[in-house]
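Fit the two chains together into the complex; they arrive one by one in their own frames, and the hints show the way.
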Amino acid sequence: MSKKESAWTRFAAWVNGEHEPAESRLFSMGMGPRKERRPEITLPKREEKQRLHGFLSWYPVASAVIGVILVGILLATVLAMPSFGQVENPTNNEVPAHYLQHTREETGASNAVAGMILNYRGFDTFGESCVLFLAVSCVFILLLRDENNTSQKDLEQAQRREQRRKRRQDVILQEAARLLSPFILLFGAYMLLGGHHSPGGGFSGGAVLGGALILYASAFGQDAIRRFFNEKVYNTVRVIGLMLYAVLFGYYIFTGANGLENHIPLDYGGLILPIDIAVGLVVACTMYGFYAMFTRGEL
Amino acid sequence: MRPFVENFPFFSIFLVMVTGILLSVVRSGRLAMRISVAVALIAAVLSAQVLAYTVGGDLSFTYVMGKYAAPLGNEIKAGPLQAILALTFCVGMAISLLGGSRDLERDVLPRKQNLYFVMSNLTLASLLALTYTNDLFTGYVFIEISTIAACALVMARDTGPNMIATIRYLFLSLMGSGLFLIGVAILYSVTGHLLMPQIHDEFRLLAATGQYALPLTVSVGLITVGLGVKSAMFPFHLWLPDAHGSATTASSAILSGLVLKGYIVLMLTLMVRVFTLELVLKTRINDVLLVAGVLGMVMGSVRAIQQTHIKRMLAYSSVAQIGYIFMGFGLGTEVGVVASCLHILVHACSKPMLFCCAGKLGDAAGHHKNLKNLRGSAYRSPLAGVGFTVGALSMIGIPLLGGFTSKLYFASASLHTSDRTAVILLVLAVSTVLNALYYVPAVLAIWSPGSEEKLAGLPPMEPDWGFRVSTLVSIAAIFALGILYDPAINIIEAGIRLM
Chain A
70 MSKKESAWTR FAAWVNGEHE PAESRLFSMG MGPRKERRPE ITLPKREEKQ RLHGFLSWYP
130 VASAVIGVIL VGILLATVLA MPSFGQVENP TNNEVPAHYL QHTREETGAS NAVAGMILNY
190 RGFDTFGESC VLFLAVSCVF ILLLRDENNT SQKDLEQAQR REQRRKRRQD VILQEAARLL
250 SPFILLFGAY MLLGGHHSPG GGFSGGAVLG GALILYASAF GQDAIRRFFN EKVYNTVRVI
310 GLMLYAVLFG YYIFTGANGL ENHIPLDYGG LILPIDIAVG LVVACTMYGF YAMFTRGEL
Chain B
41 MRPFVENFPF FSIFLVMVTG ILLSVVRSGR LAMRISVAVA LIAAVLSAQV LAYTVGGDLS
101 FTYVMGKYAA PLGNEIKAGP LQAILALTFC VGMAISLLGG SRDLERDVLP RKQNLYFVMS
161 NLTLASLLAL TYTNDLFTGY VFIEISTIAA CALVMARDTG PNMIATIRYL FLSLMGSGLF
221 LIGVAILYSV TGHLLMPQIH DEFRLLAATG QYALPLTVSV GLITVGLGVK SAMFPFHLWL
281 PDAHGSATTA SSAILSGLVL KGYIVLMLTL MVRVFTLELV LKTRINDVLL VAGVLGMVMG
341 SVRAIQQTHI KRMLAYSSVA QIGYIFMGFG LGTEVGVVAS CLHILVHACS KPMLFCCAGK
401 LGDAAGHHKN LKNLRGSAYR SPLAGVGFTV GALSMIGIPL LGGFTSKLYF ASASLHTSDR
461 TAVILLVLAV STVLNALYYV PAVLAIWSPG SEEKLAGLPP MEPDWGFRVS TLVSIAAIFA
521 LGILYDPAIN IIEAGIRLM
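Protein chains in written order, with the numbering used here: chain A, 70 to 368; chain B, 41 to 539.
Next comes chain B alone, as it looks inside the complex (with noise of 0.2 Å):
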């Protein structure tokens, strides 16, 4: 009989599944947020259960998906970094519902609200799922719910924009999917298993014999650029502007701060857990790895610069923050892991609230996204100013926020290695350079003070408790990242050696 609490991980995957599926039934949609965003707290605090669990213990353990353990059945295992993950995962998802919740119910037809939140339940259930799973094929059938529940989240507004940039998405992403299934069906028939810990030994083994040289790479190849086509490595980006610019406040926030991180995790344990970091070195993906992350970092921030819609800039800014923790995977260290896995905890902090806090100043400027007509809009939902000010510095790095601790372990994570030291650290200077061109003129649009006469005529604010909780809760998380960090980054040390 194992410990009640190692049950958890499994209880949040099924809780969520099940609510997602209950809530087709649901009619009014205002009761399907509240069930969400309710059920998702409770896998928080099961998450955080498991953390507490595995961070005291220093262990992390395997659960049998059924009767038959592995090789024969499926597998979840969870650690202190998956838990981490989970938590953070949860809580990301209340806050973009939260914080999206009204400009949810004007832009999806009342008939099919309670779809949207299937959909995202469904979502939220994929990136547990793909955050504690330990059989490859588990990991593809995940990346599937989340593919189709995605497409669903963008296309949930009904206007023709976001039809074309739901099939530009669905295809990238089908795409991202084929070639991830390639990639496994060739690992399969080259290795014969395909749950994680068999798969790492028969990998092991064939690297040292060097039998099969030719798939295995191909595989790992196939596998990295799949999830990299879903999760917006540099030159695959091109589908996630549309989508995330133009889909509702709540999607942009779940697509952009948690569906990205969903593949990008599956592609941690895979290159820790399968391939290991060595023999990942041996293949050289990582230098691919590497140079899209750089390239990322660079062009993401260009085009923000460009961009005069406020949601398309933080979507741009997206690809750039993609890049930088594609850049960690790609110095192949532990350290650059780490320095990764405590980004995407940042970003996944900032990225929704700042979505959130776009939506709502947009609402107090009259249902305007440009920034032009955005001056003056934090005077109307100061929170909102307060928040978007707040993520907007974090995203720059400036010290006391989480982007500065992550910017910084970067940076650090970059003197353990021989001769790209000077690249990166001079990447990382021109990105958070680039990265402050576009954020600080969007903070000083929002407040410098408008023309009276166009914002007189708006009709008041009205209170939002949803968004001021979420709002909140955002700053406080992005504050204990940049000050307290030092937990964090134990968690995730200890997460990555026991993986």
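Extracted from the complex, chain A is given alone in its bound form (with noise of 0.2 Å):
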């Protein structure tokens, strides 16, 4: 077969639509009749197994010569850049010193970084728990045990390690427990309430009330923190805890915006004593969602 009519039949195979694209090679050569029986399977994992090989061979050097040059960069920038803490700073401007000056006034909490991030900044603060709903939601479809991903065997061996922790269980963890974790959460309670006023606030009191839960479900199991909290009360909550906030902080953001009249008193922080709580509540959530969902795959 002579080499003009081999490309006259496959451009006339090309325009049939009989030869894959791939086939009429522009790029490489000599792979045309070899087809594989299942292309759909094989063919990334070919590619993947050539591309991971090349890939290993450059890695190591190319990532320390791009490590290298960007930290020399970094290096460079941060020495040219306005020492840490200097009263001349750029960031030493009005907008801190009017936060100091009245976060009491128009928020109603005298912890200025509570009021800078749940009122003056509130809608971003929104968008961070938002985050760690999204997070937490990502981890259930990750690894929530569902009937079509969790085989027979994965639930005898989940039944057995319960059975297994049923018998041994761990006096020390247990009234270790039992004591600590009122405690824990009257604490984070405490870091819930008192954020528009002290250190504290949403975030680390919801971890704390979080950790409390942890503590409690790993001295008992599951099955005892469940008769309280299971997936019901745990979905509740939690959007229960994000509604609050949008709401509130919506109807501040319609009111503020249009220059109409809130009636969010400012005693008792105004806005960011249940906003906190909100916030709090999420948080709990997601840390203890983390924990159900990467030790058992269920709430």
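To be clear, the hints were calculated from the coordinates, so they are not data collected in a lab. Don't take each hint at face value.
Said to hold, decoys possible - Facing chain B, from chain A, some residues (calculated, C-beta under 8 Å):
| # | residue |
| --- | --- |
| 1 | Ala-145 |
| 2 | Pro-159 |
| 3 | Asn-162 |
| 4 | His-167 |
| 5 | Asp-193 |
| 6 | Cys-199 |
| 7 | Cys-207 |
| 8 | Asp-215 |
| 9 | Val-308 |
| 10 | Leu-311 |
| 11 | Ala-315 |
| 12 | Gly-319 |
| 13 | Tyr-321 |
| 14 | Ile-322 |
| 15 | Asn-327 |
Think of the CB as a built atom: it goes at the ideal place given N, C-alpha and C, for glycine as much as any other residue.
Written out as structure tokens, the structure reads:
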């Protein structure tokens, strides 16, 4: 077969759609007639292997070079930047001064940080709370146990693990948990409720609450905690938390932007206190959700 | 008391976010899907009203997100450009969900379908917020949201290759976020502000005095590269083909058509509103963008030619199309930016449809995605075939279709630069030929008669009204952008002017 003929037949085949485009190879040769039987599965695998091989050969060198260059650039930048904590720094302008002076009368919080993140820049913090909510939802998508992704063997294994745990209960852990959990919960609640005039607030208080739940669950098992904190309660709590934030702050934005009077009293922390509680609920649920998903794959 | 319509950007962001949150307690996947589509359409109507208001009054407005105005609190800003982008994103989301609904029901486990729509809604909310934001840190927060949500959209289809693709996407995406955050931190420490107008004033002052020149340049560079990594700028595109190629149809459509654009729009806002084009020209970041864009246009197409998997081919085509957008930015002129914006609209209209049609054609050929096996599939699902053909021809740049208009504008924008006209015209021509080299065989393959015995055994196609509506709407949008492009151009020009 002459070369011209083969080019022609190949072209005709291409027009008829009998060749897939990669077979009319523009950039490599000699792969024509060999066809994979199950191209959809085998082809990516082979490509993957080749790519991985190529990748591993240059990866260490390239990453070191890029890392060194980036470090050099950033170090040079840091040296040229204003030094930390000086009075004449650009960051030390009218904005922090305003926060420090007026937070109390404008937001009702004496903790300027709480006033700043939950009132002046509350929209950002709403976004951050949604990030936590999303993160735990992602872990649900990934790990939530389902009849479609769990084999009988997995279930039996989980049951065996549970039984083993019941047989050999850890007395020290249980007694400590029994003693400590109420105090940790109390401390978490205190941090939530006092966030507007002392260090603390939704994020740290919620983390403490979540920690108490995790301690309790790891000492007494998932069944014990499921008596008062099952999937339904869990979903309700975290959705109520975020909705509380959304509704309160949405109202605040709407009235603020339209120049209307908002009827939020500034005593007891004004908007900050309920939003701190809302954020705390979300954070606690996020912490506990991660623990439950990664240990057992169910709530 | 401001006009009521000025509340609509805020309403649309909050509406979509709150819907996303509430959907996590909706049990039925189908119900969640209907609610999501309805909410996306409501947000589209709200955005259309904002568009009519801002274009009618030739104005843009800032909206305080709280009681205390900038520089103390968060702000959003809406003008014609933001409104038309928001409208496109909302409609694109509805189209992607409708067009991919059948595949979604099959690919995502029933118990997790509502979580999928949580992700899709929060993706839309983050896109809207990235479009409207007037605050750099709000931008970062919503970048985080869209990163996480987009990864979840990829991994919703629970298969091994998908997990690998998700991990790769997550790592590169987080690196992009990290670079962006470092850039924002540097910018904040030398300007002392996070709100865009205030940063702009300080930036201009510093550029005039020459103080902090190195940190400013580095921060502009880091922000650009960070957003570039996340939007698959050429050398950083490696995550894209896997993530977009293996995900379920709706996810591919959303990621390729919309999510990439969110970061690009933020970059555009920063370049025009904060750094201003003339100062960007001085830092020479735009040259980097130009080179990356041109390389992406060529290399994306070359890699697309080598693909046999139709969705991977479309994914590489996205790399090429993103290259066009960055090339427009790289010109550093207003006309270049206008052409890029038009291309964002065109690509956001055609890519979701191409992915949905590819998914449908794959169904018609018995769940094959390989081009060879797709032969004859267009006869079993004619609308998908027509949609794919129209989308492909638009991507190639055939007159009367949207892709032609944007390429025409890129070409005319290149005439405004002194020394680069020849290179850009040449690359445009080469890349058009390359586009044709992979889209034409794909179109020929789906329309050439397939083997009877292979297709005979397949069950008949069920009617899929969601898919039909979404494809028809997209085709109409592509023709509208190709024939009646004047209004779109006017809106974009006004939007850039009123940025």
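Verification of the supplied hints:
1. Ala-145: 6 Å, holds
2. Pro-159: It holds, given that the least Cβ distance between Pro-159(A) and chain B is near 4 Å, below 8 Å.
3. Asn-162: Result: holds, 4 Å to nearest chain B Cβ.
4. His-167: 6 Å, holds
5. Asp-193: 5 Å, holds
6. Cys-199: OK, holds: Cys-199(A) within 8 Å of chain B, min 6 Å.
7. Cys-207: At 4 Å from the nearest chain B Cβ, Cys-207(A) passes the 8 Å test, so the hint holds.
8. Asp-215: With a closest approach of 5 Å, the Asp-215(A) hint holds.
9. Val-308: With Cβ-Cβ at 6 Å, under 8 Å, it holds.
10. Leu-311: At about 5 Å, which falls below the 8 Å cut-off, the nearest Cβ of chain B leaves the hint on Leu-311(A) intact, so it holds.
11. Ala-315: Cβ of Ala-315(A) sits 5 Å from chain B, so the hint holds.
12. Gly-319: At 5 Å from the nearest chain B Cβ, Gly-319(A) passes the 8 Å test, so the hint holds.
13. Tyr-321: 6 Å, holds
14. Ile-322: 5 Å, holds
15. Asn-327: 6 Å, holds
Taken one by one, the earlier hints all hold for this structure without exception.
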